[in-house]
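Peer 1: These are the residues of each chain, in order.
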Amino acid sequence: MSEILLQTHGLTKQYGRHKAVDHVDLHIKKGAIYGFIGRNGAGKTTCLRMISGLASPTEGEISMFGRQGKDLREVRSRIGCLIEAPGLYGNMTAYENLKIKCRFFGIRTPGYIEDILDTVGLKDAGKKRTKHFSLGMKQRLGIGLALVGEPDLLVLDEPINGLDPQGIAEVRDTIQALRDGRNMTVLISSHILEELSKIATDYGIIHNGVLLQEMTREELMKRCSERIEITLDRPEAALPILDEMGFASYQVTDRHHIHVFERLEESDVLNMALAKAEIPVRGISITSQELENYFLNLTGGASHV
Amino acid sequence: MFNPIKMDLYRMFRMKSLYIIWIVLAAAILFSTYLSWELSKYEPEASQESSYTQEMPQETGDGETEGNPVALGMDIVLPTQPGEEITLFDQIYANLQGKFVALFLLIFTVLFSAADINSGYIKNIGGQVRDRSGLILSRAAALFVFTFLTMALNLIVQIICQRIFFGKLLWGDAAQFWTYMGVQTVLHYALVLIGMALAVILKSNVISMTLCVCLTMNLLVIIYSAIDKVLEKLGADGFHLIEHTVTGKIALFPMEAGVKESLLAVGTAVVFGTLAAALTCGVFRRRDV
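So the protein sequences, as listed, match chains V and G. So in the working numbering the end of the first sequence lands on 305, straight run, no missing numbers. So in the working numbering the end of the second sequence lands on 1289, straight run, no missing numbers.
Looking at chain V on its own, in the form it has when it is part of the complex (with noise of 0.2 Å):
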């Protein structure tokens, strides 16, 4: 099993009577990139910030390279962040934002800057004012920031929020050569499914401020996948007959389901063989389901988007 990161108990965020946040465990893998999903207002940033160390929990625990309590100080300069919007001086070049954060932490090594506008795809507008970007341009050098002294977690909110499809991809390539590259763990956030779906290893889902799943995206694929889904009354008294037949992937779901993963040709068999061990089944079909669907079945249907 691979070392977790980073981990949160019954983290918990308050405003006044609303729980933005509540009682959310998050599970982080080394190296993973863990997608965050929920819709606007779910009480993702709300998480993000805590782990950020921008913002302090009503409740609960943070642990993070070991590290919680208060000495979760010791370890707070190896997350790198970007919280919604990048925050950046306007009147300022790309290079001279990243200078300041490099003041911030003592680095002077030559070409450092260059190095991190090269990364994020920003060597040609390093002299330019932030003022002048657009908002892709804004959020790569947000990224840029964030990767200043060389931070083990990338924790990214929303980064590919307003950005065209080229932008998504450029986002998305640099997350990917990050990970891979320079072995980061990254936690993003986002409600745009189908790009996280590209990177992510690991998945969260959180709505109304409460973490529903956490899955790796194996799990994620299997659920979503086209199988054979078998509705009876006790779904134990099937297995046997599936192991007799040679099924190995198949998963219990719940006290009236089976989904088989594989040789979905063979379904009109399989209800064959329950009839004769005289297993009542009320369902058999075929289905499949996006993973948009999946998402929406899960925090209430589509109505609520």
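Among the clues, some could well be false.
[As the list claims (entries may be wrong)] Each pair of labels, with its calculated beta carbon distance range:
#1 G:1222 / V:15: 43 to 51 Å
#2 V:213 / G:1279: 43 to 51 Å
#3 V:15 / G:1223: 31 to 39 Å
#4 G:1282 / V:255: 30 to 38 Å
#5 V:134 / G:1019: 56 to 64 Å
#6 G:1156 / V:180: 52 to 60 Å
#7 G:1279 / V:192: 40 to 48 Å
#8 G:1038 / V:135: 50 to 58 Å
[What the hints assert, rightly or not] Taking lysine-lysine and the DSS-like style, the derived pairs with C-alpha atoms no more than 30 Å apart in a straight line are:
#9 G:1016 / V:19
#10 G:1016 / V:127
#11 V:127 / G:1006
#12 G:1006 / V:70
#13 V:276 / V:198
#14 G:1006 / V:128
#15 V:70 / V:29
#16 V:70 / G:1203
#17 G:1229 / G:1260
#18 V:138 / V:123
#19 V:138 / V:29
#20 G:1006 / G:1203
#21 G:1203 / G:1041
#22 V:128 / G:1260
#23 V:276 / V:30
#24 V:30 / V:19
#25 V:131 / G:1016
#26 V:70 / V:198
#27 V:131 / G:1203
#28 G:1260 / V:123
#29 V:138 / V:127
#30 V:198 / V:222
#31 G:1229 / V:138
#32 V:29 / V:276
#33 G:1203 / V:128
#34 G:1229 / G:1016
#35 G:1016 / G:1006
#36 V:131 / G:1260
#37 G:1006 / V:138
#38 G:1016 / V:138
#39 V:29 / V:19
#40 V:198 / V:138
If you're looking for bench data, these hints aren't it; they were derived computationally from the structure. By construction, the Cβ of each residue, glycine as well, lies at the ideal position given by its N, Cα and C atoms.
Could you slot chain G onto chain V? The hints should help.
Peer 2: Just chain G now, with coordinates in the frame of chain V:
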């Protein structure tokens, strides 16, 4: 600790408003010195007598000094007495006690202190410090450099203006002058720290700037007077709150101050400056960025 200070100094010297403030201050000194020269050239006795009269506290019928010598608004009056020549000390005194320099200091302080909060840049660094109050102390250190440089600029520009318009440079009493400059620098820095506290705590440039202008225009005198009246009714006769405030000390600190007066002024500055910095640190540490 030194890295955040270096960061804030770099940030400060990259701000265009710093140079605009300095240029406007220099131009204003140039203009005010020109006016002084014009007045002294055409009606030396009359103008200086007029100034002198304005400076003198009004006397009541029973011979007691009435009211507070600090007036509402910006009041820049040369202390030069009839028959005397205008010295550098006179000009510096007029500008400092009138809170003319303080106004420029406070305008930049508000812009600088809230710049990272308003632009959102604070989000890039606010979570990565061991203790967020370090970011307040670093901007306080940068503002000390700014205060010192502005006071130095004020002096240098005034020297140049004296040379240009009067053709000579009369310093006045040198020992008294440097004591006065030193104490006023400390008092002005304390005022800058109060401005920083307003900017960071209120998070609104408009409100904090307005309050800072009120401070330099002596508008708080109205509140101080009301408190004085209440205290008088409670039996504290002769107590003037303004004499125990930073702005009051700036306005009332005399040219020929003794050691006790100097120490009292510095003490007031230290108390108010420390309180302002501590309050800012406390609020900034607890508040979500």
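Peer 1: Against each hint, give a clear statement of whether it holds in the structure.
Peer 2: Checked hints:
Taken as a hint, the range 43 to 51 Å is violated for the pair residue 1222 of chain G and residue 15 of chain V, whose Cβ atoms sit roughly 37 Å apart. At about 45 Å, the beta-carbon gap between residue 213 of chain V and residue 1279 of chain G stays in the expected band of 43 to 51 Å. Between residue 15 of chain V and residue 1223 of chain G the beta carbons are some 34 Å apart, a value that agrees with the proposed interval 31 to 39 Å. For residue 1282 of chain G paired with residue 255 of chain V, a C-beta distance near 55 Å fails the hint of 30 to 38 Å.
Between residue 134 of chain V and residue 1019 of chain G, the C-beta spacing of about 29 Å breaks the proposed range 56 to 64 Å. Evaluation of the 52 to 60 Å hint for residue 1156 of chain G and residue 180 of chain V yields a pass: the beta carbon distance comes to about 57 Å. The given range of 40 to 48 Å is respected by residue 1279 of chain G and residue 192 of chain V, whose C-beta atoms sit roughly 43 Å from each other. Range check, residue 1038 of chain G to residue 135 of chain V: about 55 Å between beta-carbon atoms, so the 50 to 58 Å window is met.
Restraint check for residue 1016 of chain G and residue 19 of chain V: not satisfied, since their Cα atoms lie roughly 42 Å apart, outside the 30 Å limit. At roughly 16 Å between alpha-carbon atoms, residue 1016 of chain G and residue 127 of chain V fall within 30 Å of each other, so this suggested pair holds. With a C-alpha separation of about 21 Å, the suggested pairing of residue 127 of chain V with residue 1006 of chain G holds against the 30 Å cut-off. Proximity of residue 1006 of chain G to residue 70 of chain V is assessed by CA-CA distance (about 26 Å); at most 30 Å being required, the pair is judged to hold.
At roughly 43 Å between alpha-carbon atoms, residue 276 of chain V and residue 198 of chain V are farther apart than 30 Å, so this suggested pair is violated. Restraint check for residue 1006 of chain G and residue 128 of chain V: satisfied, since their Cα atoms lie roughly 23 Å apart, inside the 30 Å limit. Pair hint residue 70 of chain V plus residue 29 of chain V holds up; C-alpha atoms about 22 Å apart against a cutoff of 30 Å. The suggested pairing of residue 70 of chain V with residue 1203 of chain G holds, with an alpha-carbon distance near 27 Å, which does not exceed 30 Å.
This hinted pair checks out: residue 1229 of chain G and residue 1260 of chain G have alpha carbons roughly 27 Å apart, not beyond 30 Å. A distance of roughly 13 Å separates the Cα atoms of residue 138 of chain V and residue 123 of chain V; the hinted pair therefore holds under the 30 Å criterion. Distance restraint check for residue 138 of chain V and residue 29 of chain V: the Cα-Cα separation of roughly 29 Å lies within the 30 Å cut-off, and the hinted pair is therefore satisfied. A hinted pair counts as satisfied when its Cα atoms are at most 30 Å apart, and residue 1006 of chain G with residue 1203 of chain G qualifies at roughly 23 Å.
Restraint check: the Cα-Cα separation between residue 1203 of chain G and residue 1041 of chain G comes to about 48 Å, which exceeds 30 Å; the hinted pair is violated. Restraint check for residue 128 of chain V and residue 1260 of chain G: not satisfied, since their Cα atoms lie roughly 55 Å apart, outside the 30 Å limit. Distance check on the hinted pair: residue 276 of chain V and residue 30 of chain V sit about 49 Å apart at the alpha-carbon level, beyond 30 Å; violated. Using a Cα cut-off of 30 Å, the hinted pair residue 30 of chain V and residue 19 of chain V holds, with the two alpha carbons roughly 29 Å apart.
This hinted pair checks out: residue 131 of chain V and residue 1016 of chain G have alpha carbons roughly 14 Å apart, not beyond 30 Å. Of the pairs offered as hints, the one joining residue 70 of chain V and residue 198 of chain V is violated, with about 36 Å between alpha carbons and a cut-off of 30 Å exceeded. Taken as a hint, the residue 131 of chain V and residue 1203 of chain G pair is honoured in the structure, with Cα atoms around 22 Å apart against an allowance of 30 Å. Of the pairs offered as hints, the one joining residue 1260 of chain G and residue 123 of chain V is violated, with about 61 Å between alpha carbons and a cut-off of 30 Å exceeded.
Note on residue 138 of chain V and residue 127 of chain V: the hinted pairing holds, with a Cα-Cα distance of about 14 Å set against a maximum of 30 Å. This hinted pair checks out: residue 198 of chain V and residue 222 of chain V have alpha carbons roughly 15 Å apart, not beyond 30 Å. With a C-alpha separation of about 56 Å, the suggested pairing of residue 1229 of chain G with residue 138 of chain V is violated against the 30 Å cut-off. Between the alpha carbons of residue 29 of chain V and residue 276 of chain V the distance comes to roughly 46 Å, so the proposed pair goes past 30 Å and is violated.
Simply put, residue 1203 of chain G and residue 128 of chain V have alpha-carbon atoms about 28 Å apart, close enough for the 30 Å limit, and the pair holds. Only pairs whose Cα atoms come within 30 Å are accepted, and residue 1229 of chain G paired with residue 1016 of chain G is rejected, the gap being roughly 45 Å. Proximity of residue 1016 of chain G to residue 1006 of chain G is assessed by CA-CA distance (about 18 Å); at most 30 Å being required, the pair is judged to hold. Restraint check for residue 131 of chain V and residue 1260 of chain G: the C-alpha separation of about 52 Å exceeds 30 Å, so the hint is violated.
Restraint check for residue 1006 of chain G and residue 138 of chain V: the C-alpha separation of about 25 Å stays at or below 30 Å, so the hint holds. With a C-alpha separation of about 21 Å, the suggested pair residue 1016 of chain G and residue 138 of chain V falls inside the 30 Å cut-off, and the hint holds. The hinted pair formed by residue 29 of chain V and residue 19 of chain V meets the criterion: a straight-line CA distance of about 27 Å does not exceed 30 Å. A C-alpha spacing of about 23 Å is found between residue 198 of chain V and residue 138 of chain V, which places the hinted pair at or below 30 Å, so the restraint holds.
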